[in-house]
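Generate coordinates for the entire structure from the input sequences, incorporating the hints supplied.
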Amino acid sequence: MKRDSGDEHSMREVAYLHIHKKIASRSLRAGDPVSEVAIAKELGISRTPTREAIRQLVAEGILEESPGRGVIVVNLDVRDICELYEVREALEVYAVDKIARQLLGPVELNNLRQVAGEIRELAEGLQRSGAEFLDADEMMHFEAADIGFHTYLIQIAGNRRSLKMVKGLRALIRMVAMRRVGHRADDLLRIYQDHSDIVDAIEARDPARATAVLSAHIRTSQQLRLEQFVQREREAALPHDMRAFLHQIQAELG
3 MKRDSGDEHS MREVAYLHIH KKIASRSLRA GDPVSEVAIA KELGISRTPT REAIRQLVAE
63 GILEESPGRG VIVVNLDVRD ICELYEVREA LEVYAVDKIA RQLLGPVELN NLRQVAGEIR
123 ELAEGLQRSG AEFLDADEMM HFEAADIGFH TYLIQIAGNR RSLKMVKGLR ALIRMVAMRR
183 VGHRADDLLR IYQDHSDIVD AIEARDPARA TAVLSAHIRT SQQLRLEQFV QREREAALPH
243 DMRAFLHQIQ AELG
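To convert a position in the sequence shown, counted from 1, into the working numbering, add 2.
Bear in mind the hints are in silico, worked out from the structure with no lab data behind them.
Since the model is a prediction, treat every value here as computed from it, not as a measurement.
There may be inaccurate statements among the hints.
[Said to hold, decoys possible] Only pairs whose alpha carbons sit at most 25 Å apart, straight line, appear in this in silico DSS-like list of lysine-lysine: (1) 23 / 169; (2) 166 / 23; (3) 24 / 43; (4) 23 / 43; (5) 100 / 24; (6) 169 / 24; (7) 166 / 24; (8) 166 / 100.
In structure tokens:
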């Protein structure tokens with residue numbers, strides 16, 4: 003039975019969020035086709051709200067129309083990544099500057115410290131375990147805590163459009179991530195310290211300090227993403243079948 007006999011708008015939102023989630027979880031990656039029929043079947047809804055959700059994601063630049071392939075997850079290049087981070091930095095710096103000029107209540111400050119502390123606890127757990135990297139489940143925990151911290155900052159600032167834009171930017175940025183292994187403890191402690199310093203500056207009502215730490219934090223993330231992207235592109239250009247590669251060389255040698 004179809005679930006969308008009543009509210010088409012709500013079903014469009016369901017489909018929209020479902021596709022977002024598939025991209026965030028990396029079950030849909032850059033260049034992958036997005037089938038209107040498959041998504042509708044997965045959700046048990048009709049194709050109309052699914053089609054509308056896909057059109058919305060195309061308009062937002064998360065999906066794109068590809069000749070001969072239909073709609074696919076957008077492919078990004080180095081310039082795209084730089085521009086995405088520039089927009090993300092502008093939006094988040096504005097939000098942090100705004101809230102650092104306010105007097106935040108203890109609940110908001112405590113929530114920020116609690117989310118930041120999740121990353122410190124992951125680092126301490128990794129050190130106790132003797133493992134070098136976070137495993138896949140721990141990385142999911144890390145990403146939830148990291149995204150949660152930045153999202154909560156935008157929520158405190160109270161700009162709904164900025165919040166929606168940042169979520170879209172993060173969905174695009176995650177598509178270029180290439181992690182074979184999780185973070186090390188020193189990576190986690192660096193990120194935790196940045197988050198903690200941002201909260202300290204907000205509590206001290208020091209917008210200059212808060213925005214300076216946030217900008218440096220985002221630019222470090224940008225550099226890591228660019229390195230991941232370049233590495234992925236370099237490896238994609240290399241031969242994967244070495245036996246076939248050697249046969250080709252032999253053929254060229256005559």
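Against the structure, the hints:
{"no.": "1", "hint": "23 / 169", "in the structure": "11 Å, holds"}
{"no.": "2", "hint": "166 / 23", "in the structure": "14 Å, holds"}
{"no.": "3", "hint": "24 / 43", "in the structure": "15 Å, holds"}
{"no.": "4", "hint": "23 / 43", "in the structure": "16 Å, holds"}
{"no.": "5", "hint": "100 / 24", "in the structure": "33 Å, violated"}
{"no.": "6", "hint": "169 / 24", "in the structure": "14 Å, holds"}
{"no.": "7", "hint": "166 / 24", "in the structure": "17 Å, holds"}
{"no.": "8", "hint": "166 / 100", "in the structure": "18 Å, holds"}
Of the numbered hints given earlier, the model fails hint 5 alone.
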